[in-house]
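Undergrad: As they're listed, the protein sequences go chains X and D.
Quick note on my numbering: the first sequence kicks off at 1 and runs consecutively.
Quick note on my numbering: the second sequence kicks off at 1 and runs consecutively.
For the record, the hints were derived by calculation from the structure and aren't laboratory data.
A quick note: this is a predicted structure, and the numbers were derived from the prediction, not measured.
Incorrect hints may have been included.
Unchecked claim - Keeping only pairs whose Cα atoms sit at most 16 Å apart, straight-line, the calculated EDC-like set for lysine to aspartate or glutamate is:
(1) X:308 with X:239
(2) D:473 with D:536
(3) D:362 with X:340
(4) D:629 with X:340
(5) D:629 with D:485
(6) X:102 with D:491
(7) D:342 with D:298
(8) D:597 with D:615
(9) D:597 with D:586
(10) D:473 with D:615
(11) D:629 with X:339
(12) D:473 with D:151
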Amino acid sequence: MFVVGLAGWYSRLAHGHADAAYGNIVVWGLWVAAYIFFIGLSAGAFLISSLVYVFGMERFESIGRVALFTALVTLLMALLSIVVDLGHMTRAWHVMVYANFKSPMAWMIYLYSLYMIILALELWFLLRVDLVRLAKGDGPWSWLYGLMTFGASDHSPTRALRDRRVVTVLATIGVPVAIMFHGGVGALFGTVASRPHWHSGLFPILFLLSALVSGGALLAVIAAVFQDGVRRYRGLILDLGRLVAALLALDVLFQISEYLVAFRGGIPGHTAGLLLVLEGPYKEVFWFGQLLLGVIVPLLVFGLPTRKNPWAIVVACALVVVGIFGLRLNIVIPGLAVEEIHGLAASVDTPRITPTYFPSLSEWLLTIGISGLGMLLFGLGDALLPRSPTETH
Amino acid sequence: MIDESQKMAQPLSLYPPRFRQDACAASRFGVQGCRACADVCPHQALRFGDLGPAIDADACRRCGACAAACPTGALERAYLPDPELFTDVIAAAEQNPSVLILSCGHDHAFPSAAVGPEALRLRLPCVQMISDDLLLFAVARGAGAVFIESDERCPHWPHVQPHRAVATATAVLRSFGQDGSRVAIGSRPGPGGLDRARTPRAARGTPDVAPSGTRAERRTALLAAMAAGSSPRPHAGPLEGVVPWRHVAVDTQACTMCGACAFVCPTGALGLSRDGGSLFGRAAACIGCTLCAGICPENAITLVSVVSADAEPRLLALAPLATCTRCGRPHLPEPLVRQIEKKLPHQDGAGRAALRLCEQCKGADLIATAPTPSTRTTDNVPPWSRAGTDGPSRREFVRAAGAALTGAIAVTGCSSSVAAEEPEHRYGMVIDTKRCVGCEACVIACKAENKTPPGVNYMVVTRNMFGERPDDKPLFTAKPCFHCERPPCVDVCPVSATFKRKRDGIVVVDYDRCIGCRYCQTACPYGARFFDFGEDYAAETADGPYLPPSPEYNQFRPRVPDASPIANVRKCTFCLHLQDEHGEYDRKAGRWPACAKTCTGHAIHFGDFMDPESDVSRLIRERQPVRSKDELGAQPNVLYLL
């Protein structure tokens, strides 16, 4: 998949945005949807890791490291997705220099930069003792571990204990940052008054909830496949499944509220985007992707006796992740696919000024490539990351 | 049975008639049409200007003659409006008097002549308010005859309007085979009138016809009811000089299907099919204002006096459509293209060929062949951008000036650092949708001026149909950037690359700072921002593809892949590169936004809202402009007149 993605990268770098299918009405497309999807996974995984490191829930201890690693990898995937979406990728640093504190996007960028630093530090402190130990061992990769220790050499239990305290502090700072930055992603959309589909006070909350659902679900999948987890963490995966089921139900409740309020209010501008989702060009994504695969089937799995089977839970969680991706698509695109001025698209005959959008081949390839890169990183992590504490002790 | 009721003898109004300019058929686009109101006014209180009649409130004595004469209902009496007048007259007519006498009920009322037992007298505030259809309704609803008492001692003498009403009603009655002398006017019900009144009156053929709706609808319903029993025949003689009952005849040989007549017709009696290939007429809706005959460039239209109850659209002229020689799409009526070709005998080959291209193909060509800075001669280089030398050095100068300007823009972005920057202008537009003909000259002019690539349209003209009636016309809305007072796009930009200039309120983009995230596009409520995807119109020259740089911000950036403005968000700048060094526009010198400069219907008014004498300031004072999506609070500086 990573190799397939190279074709997408070539297209983006050689032809700029000319190969992309979005236009001047639907100005954001698959890449932005992928970005908020990945960043939601990251925030969700991080917040679930905080159950361990902030709230001290021992039950989830064994996936703490995997959760942080997942948060870091999906954050990288998200940043890649959004950087390619910029018109001028090389100017991304402008945000740090030419600040506009009125812009939700600027705030989001500052907050996730902070989040990325906290996340990387937290993971490093968590792994440092193990890294030092492995660097002193004689495995084929010990030189690499040595590099990653950044000169630290102490792997005594006291050092481990002190590191753990640092992790707790970092994680405690990280929780509000993660909530703010992902709520900020929701606010980025929610504050746009000219797009009634987005302009709702529920949006930041919905983003956080969906992040927790998708992050938790992805963790269940990764905990199962990562470092042979399904045998070791059977009970844990079942617990995660219950957590995801509860969060998913809450998420669905919020969405029902969003739809009911919009349709009972009946303002045409407000319902136009939702109608595109329910019966327009995006209805398959909604009914099949979001509702059937993303909600009904997983809830059945969580409810029926299959809830005792870790593999069934893993499949259900994978479906939840797919469903949330559908949700992300159906946030970004229908919100934009309603003409702001009636008759705008009809007045100019060009494929760039049209409310219809389907991602181009180049967009798909690049997104697949980013997913492939993520999997590659997970594979490397699977092979190289120090095994979790339960095994090392 | 004599009813001397003074019920209607109210004093005349304090106020002159109300006037609705949008319904008036007096003048459109420089063509003079209907003058019915001025013809009948006994006090010479009506003066005609560009926008139709203006009532001199001091001269006007409120007799109501003009409102009775107006064939479109654009003038309305301030007292006893038509619905009430018709209700009262019809109520009297339904008592089946042999003669319904309509007489003056004012304080100076003249002694009434004795009338016979079958007569009924109804006093009106003034007999000047009697219209032809009022008489016809009275007859249709049961009056044996209608007689208007007209006396030269009346302060509103001469009684042109009631005399015309009687003449028209007589002619209409005759054309339906009825006794035309059932309506009459005179100083007293003469022997003839009363004699006739004593004869058995005609059967009430059309008791159910109701005087509802607009004046045209009222008339159409009346005619349809009258025609139900008899077939109307064209009536020439007595209708001459009487405005409302005519119809259009088209010389199909001369007609080029240009559609000017349909566009100018105030009632929808003429209509052009959407493809432009056929011209329709609805006889019953014609008010005979003669605007169509006046505007027809081929003199192909004659007005025939006729009484017709035909409310259905009938084909008047039909023409084949010419197809675009490049893409094959039908675009204009063939006779129209031929006529233009005939009128341009010296046009060169390329120009002639362009006539047979559709708008899309022609637009692409126009952009490709527009002069670039390097090919401009000193004659057509405006003085404010002239740099002394020709060739590359001049171009370098322009680019350096552009760089300096960019620097200036970057500085103005940090508002705190520039204290001297005081608002001097607030540029904006007032767009009169009633004057917009949907020709899209502004769209093409903007493309040619700003050299925008495909998919980037600073100016668009939207077309929305409201209603399906044949006389419904589309609402054309020319839409540039609104340069809002509180621009939502500016607040969301994460890098402050877009901002509103303090000096003149123009919202600009710093291309070198913009990262192309397109958040501003989502935030703009008016679809006024466009991402430059780096695409270009396919225009080839001997040296390869032709990629003209845009003069925006006087920067003349070449179109190089991945270099700004490609992959930036772009927008209308009110053509600020045409400002002089003091930030002033000059309309006479041609330094004026391209769209406003080119507008054929003078619908786009551009100017400075801080100058109380500017066109735009005057228009917002005198008219009722609206702002698009005002509830969002962006406060656009482009306003619309509806």
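Undergrad: Could you tell me which of the numbered hints above are not met by this structure, giving the numbers in increasing order?
TA: 2, 3, 10 and 12
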